[in-house]
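Peer 1: From first to last, the protein sequence lines are chains W and B. For the first sequence, counting from 1, position 201 maps to 200 in numbering that gives the first Met the number 0; every step adds exactly one. For the second sequence, counting from 1, position 582 maps to 581 in numbering that gives the first Met the number 0; every step adds exactly one.
No lab work stands behind these hints: they were computed from the structure. All residues carry an ideal CB built from backbone N, CA and C; glycine is no exception. Hints are not guaranteed to be accurate.
[Claimed, not checked] List time: in silico BS3-like cross-link candidates among lysine-lysine, alpha-carbon distance up to 30 angstroms:
#1 K156(W) <-> K41(B)
#2 K143(B) <-> K632(B)
#3 K116(W) <-> K41(B)
#4 K73(W) <-> K38(W)
#5 K143(B) <-> K38(W)
[Stated by the list, open to error] What the simulated footprint calls covered on chain B by chain W, stretch by stretch (three residues with Cβ under 8 angstroms from a Cβ of chain W suffice, anywhere in the stretch; the number is not a length):
#6 148-157
#7 267-273
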Amino acid sequence: MAEPPSARASGEVLLAVESISLAFGGVNALSEVSFDVRKGEIRAIIGPNGAGKSSMLNCINGFYRPQQGTITYKGEAVHQMRPHTAAKNGIARTFQNIALFRGMTTLDNIMTGRLLKMRTNFLFDALHFGPSAREEIRHREFAERIIDFLEIQAIRKVPVGRLPYGLQKRVELGRALAAEPELLLLDEPMAGMNVEEKEDMSRFIIDVNEEFGTTVALIEHDMGVVMDISDRIVVLDYGRKIADGTPDAVRTDRAVIDAYLGVSHD
Amino acid sequence: MAEERQGVAEGGRPGSPGLDTFPKLLLHHARLRPERPAVREKDFGIWQSWSWAEALAEVRSIACGLAAAGLKRGDKLAVVGDNRPHLYWSMVAAQALGAVPVPIYQDANAGEMQFVLDHAEVRFAVAEDQEQVDKLLEAMAGLKRLERIIYDDPRGLRNYKQPALMSLAELEQAGREFAASHPDVFTDEIAKGKGSDIASFYYTSGTTGQPKGVTLSYDNLILTAQSAVEFEGLGDRDVALAYLPMAWVGDNVFSVAQAYCTGFCIACPESGATVMQDLREIGPSYFFAPPRIWENILTTVMIRMEDASALKRRLFKAFMEHARRVGSRILEGASVPLMDRLIYRLGELLVYGPLKNTLGMSRIRLAYTAGEAIGPDIFTFYRSLGINIKQLYGSTEASVFVTIQPNREIWPETVGRPVAGVELKITEGGEVMFKSPGVFVEYFKNPAATAAAKTPDGWVHTGDAGYIDEHGHLKIIDRAADVGRLNDGTLFAPKYLENKLKFFPYVREAVAFGHGRDYAAVFVSIDMGAVGSWAERRGLAYTSYGELASKPEVYELIKGNVEAVNRDLACDPVLAGSQIKRYLVLRKELDADDGELTRTRKVRRRFIAEKYAALVEALYSDRSECEIETEVKFEDGRTGTVRAVIHVADAETFPPAERGEVPPSAALKKAS
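When you get a sec, could you build the whole thing from the sequences and use the hints?
Peer 2: Below, the structure is given as structure tokens:
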């Protein structure tokens, strides 16, 4: 399952976004945004509130359909990307406002992430018989590897609604990983976390990237974290791309500083 | 249980010439009971198990791998991590080659590790995971002898390029190749070992000064473990949970020495956070826990009962009351009226049985508590449920067992009778001394300390004050060195006061002062869980430990506890004068990382008195508050300072009871 770390340096483009424009009525959420995500890297999309970060992510996984522009995934232009086709093509994501099944346990939530990998039919499943039972064992094993990886053994059987926020975020990451994604989209994985939880989450993101070779595209508010873990960063402001480059380049970019700190208008 | 095989009847007694080291015992069990489970570990949500034959195969490949990597007889191999089968096997593998394993506390920081690695002259280290590898690499920078670090879990270590690093899987693979070309090395090396060789080092946490490396021989460990096995009738059908720190001698005696004497199975939990769930799933028949854990379990039960429906609460209360009256006597086989027996049976069906099942204690035949005093209420709670919990007294220097409470002779205030082969004597100064086959060889590279602790004819100073009561049982009062006097000459036993306070659920730790002072006074550190839920029920809002601890309501709560202790002390003719006049509640928990507790969670009273000197002075002034600045150490090694104003309060004291009625005294004992 793991790829050598050299994948990080391969430079091969996994996903390319070209001149994407998205408008809701008269509001331009995104205008003419282009960037790419290379295989094996951790790519961050940052920007102030309302910059269009989540809209960008929603375009990538087919939740929104941009009015203009093309998205190329694994060398093929995708015209009709829908969430389920995105999932089938190996794109998994987490949400800014946790979207788990609150009444279900951690384990069951992660198992739902395996749904697309299940092959047996409804009849066998209902009887839990033959190939269906064998398949469940296989998927359960995979789910257990994720539980082990994310160190959430102690909450395996706890309904997620009873878990603290930081752990719910971790479970959501687990569910996304269960789909064995090639591209993992994380929408503010560290929002609302305390320092320790942020450090844990950063470590998991880096580990996912290194151990499984998964390409990660993440949106994040916390500049410090982003600078530490990303390979390249794209900065959006008012739906436009204002910078794109390595953390060091972005950190010193005039437009970025202005966007974050504001510019005086006199 | 009737068909249970007792001890190792076949092929000689552990400790006899053919069975005098752990590797020899391993060969023995792999021959005698190859299919019986030796080790279980919960991994990926499933209990994986290894039979004795499989355990032998693992030990052989690790040992051969270590031999191929250059580990020689007499070398030291450090083992750092949680209780993992591969770490236990690494220890036995090192012993197979005649090398000496040195287990290190897994929560030690790099500096503490460096001290032990350097002092023990460690050449090889086996680490559980990235966390431990990071610390070892940091420690390694200042060490000349440490050559190689072998890790079990490769996660996160992919990009580590240090030449000293090697995975356990690689080592085992190399070992299998080595074994193919050198088929006799493993058994030949095992045959060279003998009972008087050093088996392992145990670094004692040390309430003062640097840790000391206690060296124990195979004879020490095996003969002592075997006496206890025979004392209790343990057999190869028993199951124990291996969850206490591997660096603590107790875990090695319960999980290795006794398991290798009897051939019973040990179960390693999935992670530190899942111990209680794993306990329930495994349902061990033999269980050891320090009083702190027994206490936590009881607290959890009580908190959860508060949330139960009214009917359940009433049932629980009524039957627990009945159990308290007759349960212990039924467990001890004393005569109990038929009606009471019948009600107890019903209680077993409705309350005790389901409760024990939830706790994972349905199958417990034998449970121990030791290391600290246990509250009499806690002790009788478990016994009244029919759980055979007993106290033992021991120390690292004794290879654990000195005394054990025999079945049917349980008095909460004593620690029992000497185990076979142990002799006890009390010095004129009141200090307990013992002599046994388990007496340690020496403190490694510290002849002065060895001479101070052990007389030439083998008597060991325990440093505990105590006496032997009319039943021939040992009773421990306090550390001999800690017993002091107030200015008016009243006897002052700090631990006695602290323990009495700690028996209250709201008090997590207490530190008593009084030697050379006019009166006794205490620091109290509250139990966040218990006080937090108490506050919640009262609608008392708080945001942090510090804020909760400083609430006037919490001071009142603690005051009630302090005064209850005083009322109890007032009945004691000797200690009535050492009632607690003033107290304060600390705004941070006492923590081993800050040096306030030892790694085994014992209060370092002298250190605390120095660190919080200003607070101690405030206790002995008439001020009602004191400002203090303390340094805290974060888990990543950084330090910061916390400043706080701490309130100091008075507690009521009581005139000594006239008719000197002796209260049910608390069991006080200690095994360092």
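Peer 1: Taking the hints in turn, state whether each one holds.
Peer 2: How the hints compare with the structure:
Taking the CA atoms of K156(W) and K41(B), the gap is near 15 angstroms; set against the 30 angstroms cutoff, the hint holds. For the given pair, K143(B) sits about 28 angstroms from K632(B) by alpha-carbon distance, which is consistent with the 30 angstroms threshold. Between K116(W) and K41(B) the alpha-carbon distance is near 26 angstroms, which keeps this suggested pair within the 30 angstroms criterion. With a CA separation close to 9 angstroms, the supplied pair K73(W) and K38(W) stays within the 30 angstroms bound.
Of the pairs offered as hints, the one joining K143(B) and K38(W) is violated, with about 42 angstroms between alpha carbons and a cut-off of 30 angstroms exceeded. With a threshold of 8 angstroms between beta carbons, the proposed coverage of the segment 148-157 of chain B by chain W holds, since 3 of its residues qualify and at least three are required. A count of 4 residues in the segment 267-273 of chain B with a Cβ less than 8 angstroms from any Cβ of chain W is obtained; the coverage claim is therefore met, three being the minimum.
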